[in-house]
Amino acid sequence: MDTILELEHVSKLFPGVVALDDVSIDFRKGEVHALVGENGAGKSTLIKTMTGFHNPTKGVIRYMGKEYAGFTPSGAKELGIGCIYQELNMVGHLTVAENIFLSELPRKGILLDEKRMQERAKELLEEMELAVSPDAVVGDLTIGYQQMVELSKALVADSRLIIFDEPTAPLSNHEVEILFQQIEKLRKKDITIVYISHRLDEIFRLADRVTVLRDGKMIKTLDIKDTNQDELIQLMVGRAMSEVYPQRPKHTGSEILMETRGLTGNGVRDISLAIKKGEVLGLGGLVGAGRTEFAQLLFGAAKVESGEILLKGKKVQINSPNGAMKQGIAMVPEDRKRQGLVLEESVKENIALPILKKLSSRGILSRKKEEELTAYYKEKMRIKIYSGEQIAKELSGGNQQKVVLSKELATRPELIIIDEPTRGIDVGAKQEIYKLMNELIADGMTILMITSEMDELLGMSDRIVVFCEGHKTGELIKEEFDSEKILAYASQHRGRENDEETKSGE
Amino acid sequence: MKKQNPASKWIKEYGIVLVLILEVILFGILKPKFVTVSNFLTILKQSSTVCICAVGMLFVLLTGGINLSVGFMMSATGMICAIFMVWFGMNPVLAILLAMIAMLLVGVVIGSVVAYLNVAPFIVTMAFMNVLKGFSFMVTDGRNISDLPDSFCEIGLGDFLGIPIPIILMALALFLGYFILRRMYAGRYFFAIGSNEEAARLSGVNVELTKILTYVISCFFATFAGIVMLARIKTAAPNTGNGLEFDVITACVLGGVSMTGGEGKIYQVLVGSVIIAALNNGLIMLQVSEYIQIILKGIILMLAVIYDMMQRKRKKKVVIAA
Numbered sequence: 114m115d116t117i118l119e120l121e122h123v124s125k126l127f128p129g130v131v132a133l134d135d136v137s138i139d140f141r142k143g144e145v146h147a148l149v150g151e152n153g154a155g156k157s158t159l160i161k162t163m164t165g166f167h168n169p170t171k172g173v174i175r176y177m178g179k180e181y182a183g184f185t186p187s188g189a190k191e192l193g194i195g196c197i198y199q200e201l202n203m204v205g206h207l208t209v210a211e212n213i214f215l216s217e218l219p220r221k222g223i224l225l226d227e228k229r230m231q232e233r234a235k236e237l238l239e240e241m242e243l244a245v246s247p248d249a250v251v252g253d254l255t256i257g258y259q260q261m262v263e264l265s266k267a268l269v270a271d272s273r274l275i276i277f278d279e280p281t282a283p284l285s286n287h288e289v290e291i292l293f294q295q296i297e298k299l300r301k302k303d304i305t306i307v308y309i310s311h312r313l314d315e316i317f318r319l320a321d322r323v324t325v326l327r328d329g330k331m332i333k334t335l336d337i338k339d340t341n342q343d344e345l346i347q348l349m350v351g352r353a354m355s356e357v358y359p360q361r362p363k364h365t366g367s368e369i370l371m372e373t374r375g376l377t378g379n380g381v382r383d384i385s386l387a388i389k390k391g392e393v394l395g396l397g398g399l400v401g402a403g404r405t406e407f408a409q410l411l412f413g414a415a416k417v418e419s420g421e422i423l424l425k426g427k428k429v430q431i432n433s434p435n436g437a438m439k440q441g442i443a444m445v446p447e448d449r450k451r452q453g454l455v456l457e458e459s460v461k462e463n464i465a466l467p468i469l470k471k472l473s474s475r476g477i478l479s480r481k482k483e484e485e486l487t488a489y490y491k492e493k494m495r496i497k498i499y500s501g502e503q504i505a506k507e508l509s510g511g512n513q514q515k516v517v518l519s520k521e522l523a524t525r526p527e528l529i530i531i532d533e534p535t536r537g538i539d540v541g542a543k544q545e546i547y548k549l550m551n552e553l554i555a556d557g558m559t560i561l562m563i564t565s566e567m568d569e570l571l572g573m574s575d576r577i578v579v580f581c582e583g584h585k586t587g588e589l590i591k592e593e594f595d596s597e598k599i600l601a602y603a604s605q606h607r608g609r610e611n612d613e614e615t616k617s618g619e
Numbered sequence: 094m095k096k097q098n099p100a101s102k103w104i105k106e107y108g109i110v111l112v113l114i115l116e117v118i119l120f121g122i123l124k125p126k127f128v129t130v131s132n133f134l135t136i137l138k139q140s141s142t143v144c145i146c147a148v149g150m151l152f153v154l155l156t157g158g159i160n161l162s163v164g165f166m167m168s169a170t171g172m173i174c175a176i177f178m179v180w181f182g183m184n185p186v187l188a189i190l191l192a193m194i195a196m197l198l199v200g201v202v203i204g205s206v207v208a209y210l211n212v213a214p215f216i217v218t219m220a221f222m223n224v225l226k227g228f229s230f231m232v233t234d235g236r237n238i239s240d241l242p243d244s245f246c247e248i249g250l251g252d253f254l255g256i257p258i259p260i261i262l263m264a265l266a267l268f269l270g271y272f273i274l275r276r277m278y279a280g281r282y283f284f285a286i287g288s289n290e291e292a293a294r295l296s297g298v299n300v301e302l303t304k305i306l307t308y309v310i311s312c313f314f315a316t317f318a319g320i321v322m323l324a325r326i327k328t329a330a331p332n333t334g335n336g337l338e339f340d341v342i343t344a345c346v347l348g349g350v351s352m353t354g355g356e357g358k359i360y361q362v363l364v365g366s367v368i369i370a371a372l373n374n375g376l377i378m379l380q381v382s383e384y385i386q387i388i389l390k391g392i393i394l395m396l397a398v399i400y401d402m403m404q405r406k407r408k409k410k411v412v413i414a415a
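In the order they appear, the protein sequences are chains A and B.
Under my numbering, think of the first position of the first sequence as 114, with each following residue one higher.
Under my numbering, think of the first position of the second sequence as 94, with each following residue one higher.
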């Protein structure tokens, strides 16, 4: 196969940081080439170098055999290098067609050639076999379809090499399938795909070759058929991962800490379940199944329409996050950068935020108590910081997650809801979070865990409840754990009658 | 992590102080009379109303809001106080108290509309700017009230241990602002909301109430400033506060308070206010027309906002590079 893009001994230095260190990779025409590595391994810098946002400090980039001294973002685009970023560049208020052609709107003199734009968009969408109308407003589409619109933008620009940066992170399983079909199509058209993902199973399904990066260095490029997950993980972290999920004693108690009866609201319907004291209850299901929405009801971040929440057998009203904290419920939200942390503030200020009142007397904040609190959690959660004054933004994903955990623990909860405990965290730090979760259980805490990663769900839960389209569709005890069964529950929605029953019951 | 040259870091943080020093040197060269202790005291006195009001504005800006009503709130405060004192012969303390209560209520209303109904602060406070403007003109049919009691005017014209009282009051306001922001726990809420409202809400912060509080605080300081202003010019005129909201916002942004929320310090408010007062003072000495002064202030505000945005972009770049 021919090489389309080749990096030769590319290094990128930032003041004080070597982001890429003598990296050589070749991307072949029509292959799916996966890039893997822990956070901070240099994947983002590599993408930015390939798309012209960074110019290499040393080394050569060759595209179609021609050497390029410097790419610019627009230059890379013209050459046919496209990128689907994690954060999509969509104009939410415009239609699909308008978004696709935004950079080169078909014109008739000074007027927009609406008809031609519609036609071309329709053709393109049909060719991609996407059931989306060109007139649909992009903001109304699910993230999966928005991603497809972004992809069609890259196709309009006649891209020969398309980079996908963690494309499946926000998608539901169904949407992932659509994406994979599109990638297959691109492969047939001889378009090169550079695929970046934390999810190794996807890489084994899609990729032809995989390159492992670690600490800015290119470790190895492998044919996918010559390798396996364990080897990749070992190459990524530089050591063998003997046991990803640390053991903890089997949960035995039967005392119920919290119970919901017919809980409805915020897109979930009629949820009845019990959380036992001292267990990890896993909530499984597809993205969008209503698990986060359910957690928001428990945490007072959304309004309950009907049904009840019982805490230790007593009915409680939870109207705000503050109210939930007073009842001993804490939540580590799904998106730690947007919901969990005030990124511009220090670790100390973040940890203290929920309990500032408790750290104060007569409205005046005790800086000493604040320092003590930070020191305590730095030790207990093994947060790697040199000072509590360090800004949250500067920390790695794993350390940020520890700060969010600390800040929630500071409210001294009995139940802690953890939504996606290890999203976007690298393999080594994941295990650290699992260990901490086990320590919390050993301390007598109860955890409600929401996760979209099957391994994590199976590995960490004592019991699993499965949601689908806002309903509870299944419940499994440890002995029954089985990924196929969970998937079956997760895609089995109980249909309309049930909704109407609930409605007429209100 | 990226290492920063300490000198460049210092300039980034305190560069605005350098601007002030350069300003003083420049005016000093053009007009030696500018650099005298008595003129410095005059400048501080002149900056007092804007500065006191800007302390309140800082709270609103920190949470990502804005309050355009403060200019005419100063006018309205003056009118209310003057009417009570001159027409009804009321005790100045009582008059001040009544004006304060009225304006704090306005703050509650503005804050509630912003926080609970989610109306853009720009629009809500612009509406109230007009309400207060209309009110100020209506109560006396547009006429001024003078002959204020001497005891009241002491606030603006007297001094204590040789220091003019407006300067003392300004220092008091600055300290009060500092105390609320940095010593009281509620101060953290303003920064947290301005930086990440969602995270603050999920951390149990009552975001709505805190936002209302910022408008109440801002109205408190606006009323405070209105009283000092009234005592300094000894006449209540409906139009005195006209355009002051502009000076107040310029002072904050020039000092380094971010228009997008989450960043700002008390000393910046002081420096920004003094730069503006010194500019007014120096330009008057140089006999530059008032209209040109307005043009200059407009340009300064724009440059300050552009600088703020550039800083933000640079920060983003550093994050991406890391």
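Treat the hints as calculated values from the structure; they're not laboratory data.
Treat the hints with caution; some may be incorrect.
[To be verified] SDA-like mimics (lysine to any residue), calculated; alpha carbons at most 25 angstroms apart, straight line:
#1 B:K105 - A:K190
#2 A:K302 - A:L243
#3 A:K390 - A:G426
#4 A:K228 - A:Q199
#5 A:K482 - B:F272
#6 A:K506 - B:F230
#7 A:K481 - B:E356
#8 B:K327 - B:F230
#9 B:K126 - B:K390
#10 A:K161 - B:K390
#11 A:K450 - B:L302
#12 A:K439 - B:L302
#13 A:K481 - B:M403
#14 A:K506 - B:M403
#15 B:K358 - A:S500
Now the hints, each set against the structure:
Distance restraint check for B:K105 and A:K190: the Cα-Cα separation of roughly 36 angstroms exceeds the 25 angstroms cut-off, and the hinted pair is therefore not satisfied. Of the pairs offered as hints, the one joining A:K302 and A:L243 holds, with about 17 angstroms between alpha carbons and a cut-off of 25 angstroms not exceeded. A C-alpha spacing of about 12 angstroms is found between A:K390 and A:G426, which places the hinted pair at or below 25 angstroms, so the restraint holds. Only pairs whose Cα atoms come within 25 angstroms are accepted, and A:K228 paired with A:Q199 is rejected, the gap being roughly 31 angstroms.
Distance restraint check for A:K482 and B:F272: the Cα-Cα separation of roughly 18 angstroms lies within the 25 angstroms cut-off, and the hinted pair is therefore satisfied. For the suggested pair A:K506 and B:F230, the alpha carbons sit about 50 angstroms apart, so the restraint of at most 25 angstroms is broken. Proposed proximity of A:K481 and B:E356 is supported: the alpha carbons are some 24 angstroms apart, at most 25 angstroms. Distance check on the hinted pair: B:K327 and B:F230 sit about 18 angstroms apart at the alpha-carbon level, within 25 angstroms; holds.
Simply put, B:K126 and B:K390 have alpha-carbon atoms about 23 angstroms apart, close enough for the 25 angstroms limit, and the pair holds. Pair hint A:K161 plus B:K390 does not hold up; C-alpha atoms about 41 angstroms apart against a cutoff of 25 angstroms. The hinted pair formed by A:K450 and B:L302 meets the criterion: a straight-line CA distance of about 24 angstroms does not exceed 25 angstroms. Proximity of A:K439 to B:L302 is assessed by CA-CA distance (about 18 angstroms); at most 25 angstroms being required, the pair is judged to hold.
Only pairs whose Cα atoms come within 25 angstroms are accepted, and A:K481 paired with B:M403 is rejected, the gap being roughly 36 angstroms. In summary, the hint linking A:K506 to B:M403 is supported, as the alpha carbons are separated by about 19 angstroms, within the 25 angstroms threshold. Restraint check for B:K358 and A:S500: satisfied, since their Cα atoms lie roughly 22 angstroms apart, inside the 25 angstroms limit.
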